[in-house]
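**Student:** Sequence:
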Amino acid sequence: MKKLLLALALATSANAFAAEELHLYNWNNYLSEAAAKRFEASCKCKLVQDFYGDNEEMLAKLAAGAKGYDIVVPTGFAVQTLINQKAAAPLDKSKLPNFKNLDPGYLNTFFDKGNQYSVPYSFTTTLLGYNETQLKKAGVLDKANSWALIFDPAVLAKIKGKVTVLDSQRELMAAALMYLGKPANSTSPDDWKAAKEVILKAKPFWAAFNNQSYIKLLTTGNIWVAHGYSSDMFQAQVDAKKAKRPFSVGFALQKEGNTLSLDNFVVLKDAPRKDLAYKFINFMADGKNAADLTNEVGSGNPNAAAKPFVKPEIAKVSAIFPGKADVAKLQQLQDLNAKQRRDLNRVWSEIKLK
1 MKKLLLALAL ATSANAFAAE ELHLYNWNNY LSEAAAKRFE ASCKCKLVQD
51 FYGDNEEMLA KLAAGAKGYD IVVPTGFAVQ TLINQKAAAP LDKSKLPNFK
101 NLDPGYLNTF FDKGNQYSVP YSFTTTLLGY NETQLKKAGV LDKANSWALI
151 FDPAVLAKIK GKVTVLDSQR ELMAAALMYL GKPANSTSPD DWKAAKEVIL
201 KAKPFWAAFN NQSYIKLLTT GNIWVAHGYS SDMFQAQVDA KKAKRPFSVG
251 FALQKEGNTL SLDNFVVLKD APRKDLAYKF INFMADGKNA ADLTNEVGSG
301 NPNAAAKPFV KPEIAKVSAI FPGKADVAKL QQLQDLNAKQ RRDLNRVWSE
351 IKLK
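Taking full-length UniProt numbering, the leading residue of the sequence shown gets 1, the next gets one more, and so forth.
Keep in mind that the hints were calculated from the coordinates and are not lab data.
Backbone N, C-alpha and C define an ideal beta-carbon position, used for all residues, glycine too.
Treat the hints with caution; some may be incorrect.
[Said to hold, decoys possible] The list that follows gives simulated cross-link-like pairs (lysine-lysine, DSS-like), each with its CA atoms no further than 30 angstroms apart:
#1 K274 / K255
#2 K136 / K329
#3 K93 / K255
#4 K324 / K352
#5 K136 / K255
#6 K61 / K137
#7 K136 / K241
#8 K242 / K158
#9 K61 / K113
[Claimed, not checked] Ranges between beta-carbon positions, derived for each pair:
#10 N185 / G114: 47 to 53 angstroms
#11 C43 / K329: 24 to 30 angstroms
#12 S32 / K136: 30 to 36 angstroms
#13 K113 / Q331: 17 to 23 angstroms
#14 K100 / N185: 29 to 35 angstroms
#15 Q340 / L200: 17 to 23 angstroms
#16 K203 / S32: 31 to 37 angstroms
#17 A304 / R346: 40 to 46 angstroms
#18 C43 / K255: 42 to 48 angstroms
#19 K255 / A66: 36 to 42 angstroms
#20 A154 / G68: 45 to 51 angstroms
#21 K136 / D92: 25 to 31 angstroms
Can you make the complete structure from the sequences, with help from the hints?
**Tutor:** This is the structure we're talking about:
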């Protein structure tokens with residue numbers, strides 16, 4: 001009888017531990033493996049991650065009724081969407097003692113006044129990564145600091161089939177708008193039409209719309225130009241060096257301007273394990289843990305306590321930590337209303353189908 005009771009107790013204990021899971025819906029390549037393991041050890045729980053490559057993908061999945069996620073990591077405008085949809089849980093900051101570590105410059109933003117729902121985690125710039133060796137051979141390396149590298153047919157003719165762009169209506173349209181000298185957040189029908197025309201003229205020269213594998217393609221030399229996120233380009237650069245490729249990968253901000261994505265932790269209103277969600281967010285707001293993300297992944301950091309732990313060679317890269325002149329040309333994407341979303345979806349469908 002005692003053996004039976006002991007077996008039942010062990011089984012119950014095992015089941016209880018199995019339920020100790022935090023479900024994080026995150027961007028690809030946006031949490032170091034070392035940090036994930038340290039968190040699991042500290043909370044005696046399991047961290048389960050699911051991944052997305054675009055804010056719209058994440059929002060659509062949640063809107064379609066996906067359940068079981070505790071935390072998502074939306075960019076500013078997507079935080080607005082989650083708040084408006086009443087999908088985000090109000091924060092209890094008494095459970096986040098490390099919130100004090102955050103740089104005030106990244107708090108109280110347009111998308112969440114007073115940070116009632118979101119905790120800044122990381123920021124990236126959306127820019128161009130490129131194969132310096134091949135672009136030099138093609139005679140277009142001097143265009144790497146301009147959106148002309150992916151939109152000007154005269155430039156693209158020299159690198160045809162070697163370019164990928166993000167499969168993201170917001171980011172690609174923003175890039176085209178900035179190339180035209182328009183605000184990244186313009187919702188003018190005329191501006192959208194002009195941006196669409198720029199994209200359609202360039203599209204025949206591109207290899208693909210790609211959110212998922214452009215790091216690998218750039219690292220192996222299969223593509224020469226990728227439109228994507230600064231942290232991904234950092235990773236491609238590191239991977240190419242490690243693999244001793246016969247070329248170098250570079251990345252740079254564009255002179256016409258770039259978008260800045262401030263990504264944030266948001267606890268979902270229907271999160272099964274809000275307790276573990278708070279533990280994770282507070283863990284990642286620790287200075288050393290926050291710095292780990294920058295040092296391993298190459299993303300910018302809104303955590304003031306992380307600065308002493310960031311590698312100097314990363315801190316000086318302007319595409320990761322933009323200087324004052326660059327910051328002046330950075331724009332954060334803002335949320336769209338229902339009509340604007342429908343209109344942009346229609347424009348995007350026309351782009352993808354032609």
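**Student:** Going through the numbered hints above, which ones does this structure break? Give me the numbers in ascending order.
**Tutor:** 1, 3, 4, 6, 10, 11 and 21
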